[in-house]
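Peer 1: Starting from the known structure of chain F, arrange chain C on it as the hints suggest.
Protein chains: 2
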Amino acid sequence: MTPHLPDDAVRLVSLGGIGEIGKNCTVIEYREHAIVLDCGITFPDAEMYGVDLVIPNFSYLREIRHKLRAFVLTHGHEDHIGALPFALREFALPIYGSRLTLGILTPKLEEAGLEREADLREVAARETVTIGPFRCEFFHVCHSIPDAMGIAVHTPLGTLVHTGDFKLDYTPVDGVPPDVQTLGRLGNDGVQLLLSDSTYADKPGYTPSEAVIAETFERIFADAPGRIVVATFSSLISRVQQVVDAAYAFGRRVCFVGRSMERNVSVARALGYLHVPDDRMIIEDPATLSRYPADEVAVICTGSQGEPRSALVRMANLDHRFIDIQPDDTVVVSAAAIPGNEEAVNRTIDRLTRMGAQVLYERISPVHVSGHASQEELKFVLTTLQPRFFMPVHGEYRHLAEHRRIAERVGVDAEHILVAESGAIVDLSADAIEVVGATDVSHVFVDGLTVGEVGDVTLRDRRHLAEDGVVVVVVNVDRHTGKCLTAPDIISRGFVHAPEAEDLLDRARDVVRTAIEAGDHPDPDPQYLQNKIRSTLGRRLFRATRRRPVILPIVTEV
Amino acid sequence: MTPHLPDDAVRLVSLGGIGEIGKNCTVIEYREHAIVLDCGITFPDAEMYGVDLVIPNFSYLREIRHKLRAFVLTHGHEDHIGALPFALREFALPIYGSRLTLGILTPKLEEAGLEREADLREVAARETVTIGPFRCEFFHVCHSIPDAMGIAVHTPLGTLVHTGDFKLDYTPVDGVPPDVQTLGRLGNDGVQLLLSDSTYADKPGYTPSEAVIAETFERIFADAPGRIVVATFSSLISRVQQVVDAAYAFGRRVCFVGRSMERNVSVARALGYLHVPDDRMIIEDPATLSRYPADEVAVICTGSQGEPRSALVRMANLDHRFIDIQPDDTVVVSAAAIPGNEEAVNRTIDRLTRMGAQVLYERISPVHVSGHASQEELKFVLTTLQPRFFMPVHGEYRHLAEHRRIAERVGVDAEHILVAESGAIVDLSADAIEVVGATDVSHVFVDGLTVGEVGDVTLRDRRHLAEDGVVVVVVNVDRHTGKCLTAPDIISRGFVHAPEAEDLLDRARDVVRTAIEAGDHPDPDPQYLQNKIRSTLGRRLFRATRRRPVILPIVTEV
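Line by line, the protein sequences are chains F and C.
Just so we're aligned, residue 1 is where the first sequence starts under our numbering, counting upward by one.
Just so we're aligned, residue 559 is where the second sequence starts under our numbering, counting upward by one.
Hints were generated in silico from the structure; no laboratory data involved.
In this text, a Cβ means the ideal position worked out from N, Cα and C, and glycines have one as well.
All clues given are correct.
Short, incomplete list of chain F residues facing chain C, as computed with Cβ under 8 Å:
(1) D350
(2) T353
(3) R354
(4) L465
(5) D489
(6) L552
Chain F extracted, bound-state conformation (with noise of 0.2 Å):
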């Protein structure tokens, strides 16, 4: 039960992004009136098996149905706006969001069938827009990608500060600094909550300038003998002006390669926010690569994360139609692997080593930056804006402890800190701030085609086949004398290899004939009959192998 949410309080639910890392959804409400924060998606760890993507869980969108009024996007990363094509589906809401946010969601609408119904509207930066009784400010923020956005959102209660994802970047790739001039205003003015990214929180420092990164370019475009191959992420627009820039300084063409690159590249470049500063620099056809000279070319690419698919995976997999890695390439991975990808994104290099390309990456060179605000940074904001309480979000557990202690050392008050998780019901008043209930926000996985339908059952049935395998047991019962008719059939898989099993599986047959024989009552129930197979089998197979595959017993009754 949602408990009532008073006049006097704006109520906030995160349906994902705090405690976790991604599908970032917040939404904020006051009294007959809601905005949805940032709608994105997740990518599913390790144990999710066979799941391709984790969209939040929509319950409580549902709930508050009526009082729905707008979504409101911060930047254009995945995991803040992914889930709107299926939100979409649910809840026809106008979309606030900055030019390139926008047109990065396009193609993804398009692809679903709703770009006609989707209501887009466009905003810039210190514009503010009215949604009910919210006066939704937009800032500029430095981050990863163009035209991010921090939000101040003025409402009857007071200012409600979300800096979405953002770092300090004083020389950035675009040249738009950070609106530290509205951030100081903001504080003057008074805030009355901050929601802050937490997500490097546990880094001391600052994160370095994007700037960094151009000198080392510099150096592996003036020495590099053949090809140049970067692979970083397709929504890491500035890096990819950073390459096109070095390119054209070391007389280089560039192609664009892997299908959300070739995308996010045509968005931006239509949009202005990518410059190439010669239009025949561009291949635009990589299957006419092989025809230039190849320390004449560039290659911009997916995969710096080591996805199967990705173009850079395929090079490394002698795979890809276009590009044969040859000695002489140099091969740049312009990332940095997300937990859980470490080792697919060490394998990718190690082949590329292997086929002779020089091969960059973090470790050794400083081909990338974070996108992340450090703890230095996390200290100025809030230094800056003095907000009276203060909420951590955006990031694992111990960011938002971490962020929790930089808050109090900087003098935020320790009582008005709340480290709330995802699904925490949280209402804000003029004095206080405290967790009233909690929603449900379960994973809502998305696996091939449908939404919802793979639940924790069958991923822990798929965790089960993944750690010994399966064996299937088919047993024709005479329900006249409880006998078997036919031998049992035994068949597994993942299980032991065949040859070596088979002694082990003509005893189990053995095993299973007596199980069911010893009983020696005509009709069995057939449930009796699986459990006793399940438990039998069970036990003899683990006093053989130590193991325990998911045992199917079939039992038809003739």
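Peer 2: Just chain C, lined up with the frame of chain F:
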């Protein structure tokens, strides 16, 4: 076919440890004699579902069985000694190693029931033993375990130096600095071939001394209000020593928790490698921990890699028999996450933070340093030994490639550097080094009680099962008419959530029946029917769900 070994060559065959991390095992062979350097295991990667550990493939040892003279060990880590209990069953050879190495090996052999046959021969640094034509000279190196050694193997064809795992630590915790003098003498006398640790070859600069940890621990112990729990590798005896020292300095008792921690600590103390200033400061029985004031206790435990059944992970899951983490407790994860373990480690840190503990880990505090040499240290070794030939060993391919570049930069002739991965048969003569063949080094998996029964097919099946689950189809066919006697029976696990799937599986039943009866010929071949079910149903399920479960058709003809 293994090529003939000429009389004027020394042969090197690595069964593991080059181009991969772990299961180090290298054969050195001359005429009718061979020794085996180290014999370790590796832990399975995320895609080796259900595998407990991986051991070297002993095919080559079987081939030259009559030549084998001894195992020679560098240090007591699992990836260097862990496979000996498996190897000794087949190859009853003497084992040479340092006191601590043999001390750690002994309980493993006891567990395998091999302690009586085992012929353990203790050697100390600066000693030399002669094994056939090989004069093995041991020299001390610093690594994250005491009593680690490198080996110079003097052969009729010149001296081969193997560094083992090492770093240069001039202020090591055990007070025994690296034996740079012996390295100098060996270099002076002439080294034909160097095999050197590449694990950290992609790390610029120097690896810090273990001494930096002491300062961190001092700060932690000075400040911690409640219990201190330090998780680290049980083999990292010097780290354990540092915790003991800090505990003693700040008047805390220590308690060792976790099976491998207790075992290694007991071995190291008995042999004099771990010094506890006062026996009374040890809490022998973890069950009595609660009797001591929290601020007088330090727990040293396993679980730094987030291993599911380790002490720290049990604490994080409220599942430890004797230790409940309290809000005032300080937990130190004094280790780096091995690639592939990051998610498990992060999850553990998050859980402990959620319980209110202050958790310190590598990213936020200098609580760990590596035991492997960085680039400047590798340059020192190459410069000191001035080897005629060089083979980088230990590490994945990118590390080997980087080590080659380092060697070239300090003047080793590029033609004299060989990057050969595990399995390569390498012949070294007076003036050449070359790969002359290859031996089978495919993984041998240990899973449950068995060795080798889980092969690549089984793993592929497990991967497939993990991805989309399994669908079992049972059909009883009348052998005279080719018709189904009963409706096909379909059950699934890990495919789609059962309630939502009922419709889908109902339709699947019809699809199967139609497919079978379409043939309309009596006495159909069961194999043919199985294939037909598999393909028809596979297509149908893929169209409906975009998933490809494992389909197991079971056709019984009655």
